[in-house]
Amino acid sequence: MSGINGKDVEFFGKITASMTHEFKNVLAIIKESAGLMEDITKIAPLSDNKHQEKFDNALATVKNQLNRGMELSTVFNRFAHSPDKPRAEINLKDLAERVVLLSDRFARLKHITLAAAPDDKADKTLNIPGNPVWAQMAVYQAVECCLNQLPPACEITVTSRRIDGHKGILIACANLQTDAADFCQSLKNSEHWQELETVMDAINGRAQTSEAEPGIRLLFD
Amino acid sequence: MNKVKVLLVDDEEEFVSALAERLDIRGIEAHVATDGEQALEMIENDTFQVIVLDVIMPGISGLEVLQRINAKQIDTAVILLTGHGSTKEGLEGMRMGAFDYLMKPLDIDDLISKMHETIEFKKS
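Just so you know, the sequences run in chain order A and B.
Going by the numbering used here, the first residue of the first sequence is number 22, and it counts up by one from there.
Going by the numbering used here, the first residue of the second sequence is number 4, and it counts up by one from there.
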């Protein structure tokens with residue numbers, strides 16, 4: 022599964038983690054500078070009200086995008102650190118949430134809503150030993166499998182929970198516009214399904230489709 | 004009432020300069036150092052109520068600066084600044100006597116609140 026004994030992934034992760042750290046420093050500088058601009062205009066507002074409003078709106082945009090950039094940077098940094106240890110204790114709720122954040126753009130491009138289950142619906146106690154990179158790959162592949170079979174306006178929810186007594190993650194799809202059985206069959210027939218099975222096998226887990234909650238069940242033990 | 008006097012130590016000059024200006028607007032006398040050696044020199048020659056100290060810097064790290072402050076028995080409160088991925092350094096710093104640590108990027112109100120908390124703690 023890994024090239025050069027995993028050193029290629031480790032290299033990629035090390036450089037990416039370092040660059041996200043740099044990127045976050047850039048955002049911190051922009052944040053303080055934008056904050057200073059805001060402070061100054063509070064002390065000395067622009068003489069022209071129309072321009073003050075535009076200035077305030079532009080500054081609000083800067084701050085919103087800063088927050089967005091910082092969140093993305095944090096998520097990406099954690100992702101970049103995944104290869105640090107080839108084997109680690111993986112919390113399935115964290116895993117589900119991280120993959121959702123990393124995959125969100127792919128879902129938005131297809132006009133599909135992708136979300137992690139809310140805290141009261143997800144089990145935060147489920148931990149598995151394993152390769153963090155492969156575990157993320159597996160959940161991502163399951164999400165991608167669903168994204169490629171769903172029309173726009175569908176919803177995917179990723180939930181960490183016990184599935185038939187096993188520690189698992191459910192990728193459940195709603196607003197299918199098709200029969201659940203047909204949807205599950207299309208998942209299994211897709212090119213991504215075999216890749217998903219390969220990755221799950223590598224981490225001693227297995228993937229199943231689910232008609233009851235249409236989508237994919239990943240069982241990790 | 005005397006102004007709170009703080010030393011900000013971070014190798015990112017634009018960051019620490021903008022932060023100093025913002026603290027100044029809020030009535031806090033903020034001085035700036037952009038490396039550990041400069042910070043130690045300033046600490047030897049002046050008195051600060053709080054030192055806000057970046058953990059990861061080129062040259063002397065923030066933890067090494069803290070170690071030297073301790074060695075000289077300089078009585079000043081230290082708040083560490085950490086980035087993601089370096090919370091363990093923040094905790095290590097607290098074991099070495101730092102009052103607390105904050106994650107970058109900062110919220111200035113959180114920083115000021117922590118500074119006042121630090122000063123009150125030192126007084127008691």
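No lab work stands behind these hints, which were simulated from the structure alone.
Ideal Cβ placement from N, Cα and C applies to all residues, glycine included.
Hints may contain errors.
[Unchecked claim] Straight-line Cα separation of at most 27 Å, DSS-like style, residue types lysine-lysine; simulated pairs:
| id | chain 1 | residue 1 | chain 2 | residue 2 |
| --- | --- | --- | --- | --- |
| 1 | A | 28 | A | 106 |
| 2 | A | 28 | B | 8 |
| 3 | B | 91 | B | 6 |
| 4 | A | 63 | B | 8 |
| 5 | B | 126 | B | 8 |
| 6 | B | 75 | B | 117 |
| 7 | B | 75 | B | 91 |
| 8 | A | 84 | B | 117 |
| 9 | B | 126 | A | 63 |
| 10 | A | 71 | A | 84 |
| 11 | A | 63 | A | 84 |
| 12 | B | 91 | A | 35 |
| 13 | A | 145 | B | 91 |
| 14 | B | 117 | B | 91 |
| 15 | B | 6 | B | 75 |
| 16 | A | 145 | A | 188 |
| 17 | B | 8 | B | 75 |
| 18 | A | 63 | B | 117 |
| 19 | A | 106 | A | 145 |
| 20 | A | 75 | A | 63 |
| 21 | A | 106 | B | 91 |
| 22 | B | 8 | B | 117 |
| 23 | B | 91 | B | 125 |
| 24 | A | 188 | A | 209 |
[What the hints assert, rightly or not] Label pairs and their computed distance ranges (CB to CB):
| id | chain 1 | residue 1 | chain 2 | residue 2 | range |
| --- | --- | --- | --- | --- | --- |
| 25 | B | 76 | A | 67 | 48 to 56 Å |
| 26 | B | 119 | A | 58 | 21 to 29 Å |
| 27 | B | 105 | A | 141 | 27 to 35 Å |
| 28 | A | 198 | B | 105 | 43 to 51 Å |
Here is how each hint holds up against the structure:
| no. | hint | result |
| --- | --- | --- |
| 1 | A:28 <-> A:106 | holds (11 Å) |
| 2 | A:28 <-> B:8 | violated (48 Å) |
| 3 | B:91 <-> B:6 | violated (32 Å) |
| 4 | A:63 <-> B:8 | holds (24 Å) |
| 5 | B:126 <-> B:8 | holds (15 Å) |
| 6 | B:75 <-> B:117 | holds (24 Å) |
| 7 | B:75 <-> B:91 | holds (24 Å) |
| 8 | A:84 <-> B:117 | holds (23 Å) |
| 9 | B:126 <-> A:63 | violated (34 Å) |
| 10 | A:71 <-> A:84 | holds (20 Å) |
| 11 | A:63 <-> A:84 | holds (16 Å) |
| 12 | B:91 <-> A:35 | holds (18 Å) |
| 13 | A:145 <-> B:91 | holds (23 Å) |
| 14 | B:117 <-> B:91 | holds (19 Å) |
| 15 | B:6 <-> B:75 | holds (25 Å) |
| 16 | A:145 <-> A:188 | holds (11 Å) |
| 17 | B:8 <-> B:75 | holds (20 Å) |
| 18 | A:63 <-> B:117 | holds (24 Å) |
| 19 | A:106 <-> A:145 | holds (22 Å) |
| 20 | A:75 <-> A:63 | holds (14 Å) |
| 21 | A:106 <-> B:91 | holds (17 Å) |
| 22 | B:8 <-> B:117 | holds (14 Å) |
| 23 | B:91 <-> B:125 | holds (24 Å) |
| 24 | A:188 <-> A:209 | holds (22 Å) |
| 25 | B:76 <-> A:67: 48 to 56 Å | holds (50 Å) |
| 26 | B:119 <-> A:58: 21 to 29 Å | holds (25 Å) |
| 27 | B:105 <-> A:141: 27 to 35 Å | holds (30 Å) |
| 28 | A:198 <-> B:105: 43 to 51 Å | holds (49 Å) |
Of the numbered hints listed earlier, those contradicted by the structure are 2, 3 and 9.
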